[in-house]
Amino acid sequence: MKKFFGFGAGKGRSSPTFRTEPMNGLRARADKNEEVNKSQRGYDVRVKDLKKIHRAAAVGDVAKMQRLLLLGKDVNKRDKMKRTPLHLACTIGHADMVTLLVERKCQLNLCDRECKTPLMKAVQCQEEACVTILLEHGANPHLTDNFGNTALHYAVAGENTSIVEKLILFHANIEARNKFELTPFLLAVNENKHQMVELLIGKKADVHVVDKSKRTALMLAATSKSPDVVRLLLQQGVNTSSRDECGWTAEDYAVFGGFDVNRQIIAQHREERIKNFSQNNNPVPTWTGSSQVKWKWSSLVSRLANIFP
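For the sequence shown, position 305 (counting from the first letter as 1) is numbered 293 according to the numbering used here, and the numbering increases by one without interruption.
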């Protein structure tokens, strides 16, 4: 998991620390027991521990589910972890079961005890057929879990470009922020997901957005072992001189993280901008005689200082 910096009260008075909170709960759990995990991805539960209606949903037994519903069982019945049959069917990818439950008018947006909806679980476990069924029947893509993550945050964390595009097609908020003020775009950058960053840029995500500590995308990318995302962000014209709430720049992040390649890329980009600015803004000479030229360097230097602090 990609880590990112957390700072103290002010520059020069504290050393960078690392935090890993942004990915809390976003990835599906992996059980070492493959026989258990094969049918229960994303939830720590065994089929034998479930009640009849939840067990039928978990194993995909459509015929049994139909019988249970004919007997008057509640299609929205919750287990002790507040999961509905739809949660379990979506987690495991039983699209036919999801279709049945939807046809029987189950509630699409109920949350489990982690405040995750069936749509979030389907996205988290990358069950695209279930995602499609839910969206087409009106599942809400804007709801958030305990950490403020939307279904789109889950799709980005899972690096599933197809599901990301589908969620955006159904009007998922591309600028939604979780409790760390990370948008899906900032999350993609923080996790060094180059393809996902490219996709979100293409979908017009705000590349200048900052998190709750005023960290820019470039600051988060600067702490990555791969410089590809750094280069991609620089191509989008992000500000290399922006500072977080403690006064640190993206170069500072690269230095403290030990990512000298990233530092060099950022520094070179800034120097090239200054050079290009100078070439495109040559001062007009003032003639004070037949050959003497007085250049207005002070004005130019002042302008450069304001643009490239």
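Check the hints yourself; a few may be wrong.
Calculated pairs, DSS-like style, for lysine-lysine (alpha carbon to alpha carbon, straight line, at most 30 Å) [what the hints assert, rightly or not]: (1) Lys213 <-> Lys70; (2) Lys154 <-> Lys167; (3) Lys167 <-> Lys68; (4) Lys52 <-> Lys70.
Since the hints were derived computationally from the structure, they do not count as laboratory data.
Going down the list of hints, with the structure as the test:
1. Lys213 <-> Lys70: Cα-Cα ~40 Å, so violated.
2. Lys154 <-> Lys167: holds (24 Å)
3. Lys167 <-> Lys68: With a Cα-Cα distance of about 26 Å, the restraint between Lys167 and Lys68 holds, given a limit of 30 Å.
4. Lys52 <-> Lys70: holds (21 Å)
Of the numbered hints listed earlier, the single one contradicted by the structure is hint 1.
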